[in-house]
Amino acid sequence: MKTVALKDTIAEVQKLLSEKLFIEVDSPETDLLSTGLLDSLGLIQLLVHLEEKFGVRIALDEIEIEDLRSVASIAALVARQQPEFVEK
Amino acid sequence: MRLQDFLASQAERRPEQRAVVFEDRALTYAALEQVSNRLARALHNAGCERGDRVALLVPKSEKAILAIFATLKADCAYVPLDITSPPARLVRILSQCEPRCILVSGATGPLLAELIATGEIPPDTAIGALDDDVPAHFSWSEVQSLPAAPVDSRNGDTDAAHILFTSGSTGTPKGVVITHANVLHFIRWALAYFGTKPGDRISGHPPLHFDLSTFDIYGTIAAGAELHLLAPEMSLLPHKLADFIRCSRLTQWFSVPSILHHMAKVDALRPNDFPSLERLLWCGEKFPTPALMHWMEHVPHARFVNLYGPTEATIASSYHHVARRPESETEEIPIGKPCAGEELLVLDEQLRPAAAGETGDLFIAGVGLSPGYWRDAEKTAQAFVTHDSRRIYKTGDLARVAADGNIYLVGRADTQIKSRGYRIELGEIEAAVHAVRGVEDAAVVAVEGTGFEGMTICCAFVPESEAEISPAALRKELTRTLPHYMLPARWMTLDRLPLNGNGKVARTALKQQFLKAAAASVNDGEK
Chain B
7 MKTVALKDTI
17 AEVQKLLSEK
27 LFIEVDSPET
37 DLLSTGLLDS
47 LGLIQLLVHL
57 EEKFGVRIAL
67 DEIEIEDLRS
77 VASIAALVAR
87 QQPEFVEK
Chain S
24 MRLQDFLASQ
34 AERRPEQRAV
44 VFEDRALTYA
54 ALEQVSNRLA
64 RALHNAGCER
74 GDRVALLVPK
84 SEKAILAIFA
94 TLKADCAYVP
104 LDITSPPARL
114 VRILSQCEPR
124 CILVSGATGP
134 LLAELIATGE
144 IPPDTAIGAL
154 DDDVPAHFSW
164 SEVQSLPAAP
174 VDSRNGDTDA
184 AHILFTSGST
194 GTPKGVVITH
204 ANVLHFIRWA
214 LAYFGTKPGD
224 RISGHPPLHF
234 DLSTFDIYGT
244 IAAGAELHLL
254 APEMSLLPHK
264 LADFIRCSRL
274 TQWFSVPSIL
284 HHMAKVDALR
294 PNDFPSLERL
304 LWCGEKFPTP
314 ALMHWMEHVP
324 HARFVNLYGP
334 TEATIASSYH
344 HVARRPESET
354 EEIPIGKPCA
364 GEELLVLDEQ
374 LRPAAAGETG
384 DLFIAGVGLS
394 PGYWRDAEKT
404 AQAFVTHDSR
414 RIYKTGDLAR
424 VAADGNIYLV
434 GRADTQIKSR
444 GYRIELGEIE
454 AAVHAVRGVE
464 DAAVVAVEGT
474 GFEGMTICCA
484 FVPESEAEIS
494 PAALRKELTR
504 TLPHYMLPAR
514 WMTLDRLPLN
524 GNGKVARTAL
534 KQQFLKAAAA
544 SVNDGEK
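Protein chains in written order, with our numbering: chain B, 7 to 94; chain S, 24 to 550.
If you're looking for bench data, these hints aren't it; they were derived computationally from the structure.
Keep in mind it's a predicted model, so treat the numbers as computed, not measured.
The beta carbon of each residue, even a glycine, is placed where N, CA and C say it ideally should be.
Each statement offered as a hint is correct.
Simulated restraints on C-beta separations:
1) S:Ala111 <-> B:Ser24: 17 to 27 Å
2) B:Lys13 <-> S:Glu35: 58 to 68 Å
3) S:Ser299 <-> B:Lys13: 38 to 48 Å
Given only the sequences and the hints, what does the whole structure look like? Please build it.
Printed below as a string of structure tokens:
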């Protein structure tokens, strides 16, 4: 069975933010919300890219604010939608 | 009469009633009155005198509202800072307004340290802390130890109440000075027109550096109602906003339309939603008619009112009650007719009234007009002119007057745009791009977006021959000087900018190129 490590997902999300949304973060823990880095428009784009990249569909009404706090929390959100995910 | 007098009189009438609610915290009228008295004393002790500025480097919260009233009571004007702005931009604002004191909270302590590290903040600027864990001239515990009795304020209604910095076309933000009288006139009209009453639960959605927020704050306090502040990040999730309106049982919502459009677009509304909501107000942009129809269908019991007014003519200058649901998606909603004491003029190039139905420049006269831009006589003289022996403000908006006297917006006469409620001068962005090392030439244009976001900012740039600067690298550089909402969303690297016959950048052609590129990428996505 294929397994995905959370740290790989974090790296992928960080790369996606940088390449697709031009959002550069210093670390996976950088606060995307209090810095205003992620806005409503960026979020919609992000969801589209996450779906393309990871094959996960994340409904806007199922997201909590804290899921969007940082690259790490977005990666965790993605991981929860992936059946093959195992915590490493 | 000053704005803080609203608070004093309501605190006497309903001391135990909630005035401000934020997250799981609330301040009663008595607490807001007494703690702001204490903080006003702390500001006096820190050397604040009548006419001084107090900068608020504070996240939106109940303490920010305390800080606003304390500043007014200390005879000063508050300057609300956008804490998501890059330090370089904040420093430019601070060096213009020269605050006697900067108020800071625990969350913004690190940002203040960055500002101080630039060496641009004069060392005699007092720092006041609204929490205890920040190094400052006075701490929150010290504030709490000061007397809560009323402060002897000396300011009058012509004193500045706040200075709001907005995007400036030459690259430097400009400060719009707003007096107590400017705000008082609007609040008196609005309370009477909307019938605001004690027990109303009023939204506080816009950031405190938007002038819309001043209607929420003073409108609520003047009426003895409850202000329900929303955390800025809640706007990311339209369903959470809808839950907020439901759970707080709001009676009034006021925001820029882009957020309402977003909520409609993702279907966050239920049939007969928000039973408590009596009125829904918007300002700052056009509310697209299809989204308005969606709202009116789902919240049929509410009163829908479009307000219009730039910061320079605070808070709104005209209003239009949308009395029935538009019949067609192409129906245009007017900005309506002037509020009491205001006058809207649509004039031709010779400053004569434009003929009915003809497009002209929109000017505003009356009680809401700002005295001008902070320490900028030149910009003030350009925008505020004397006509028929009275001051009129040139909004930069183009408008027409319909046969029924209603005014309709047509567009802009310059390159100022609105994006998600933010008022942005493309010139400020262009100046910032030009300042980046490795950029030979650049132009910034805006194209109509397809979604709820309003205009999309697009940047075309020419790298210097030796430089290899990618859009991502350029964007990263710009985050040092521009706030996030001014960052271009689309990029194009060119060998040279398209020019028109007279050698100027062909902006229309450039817009077409961006629209074409966007259409191509949509098609790619569908394949």
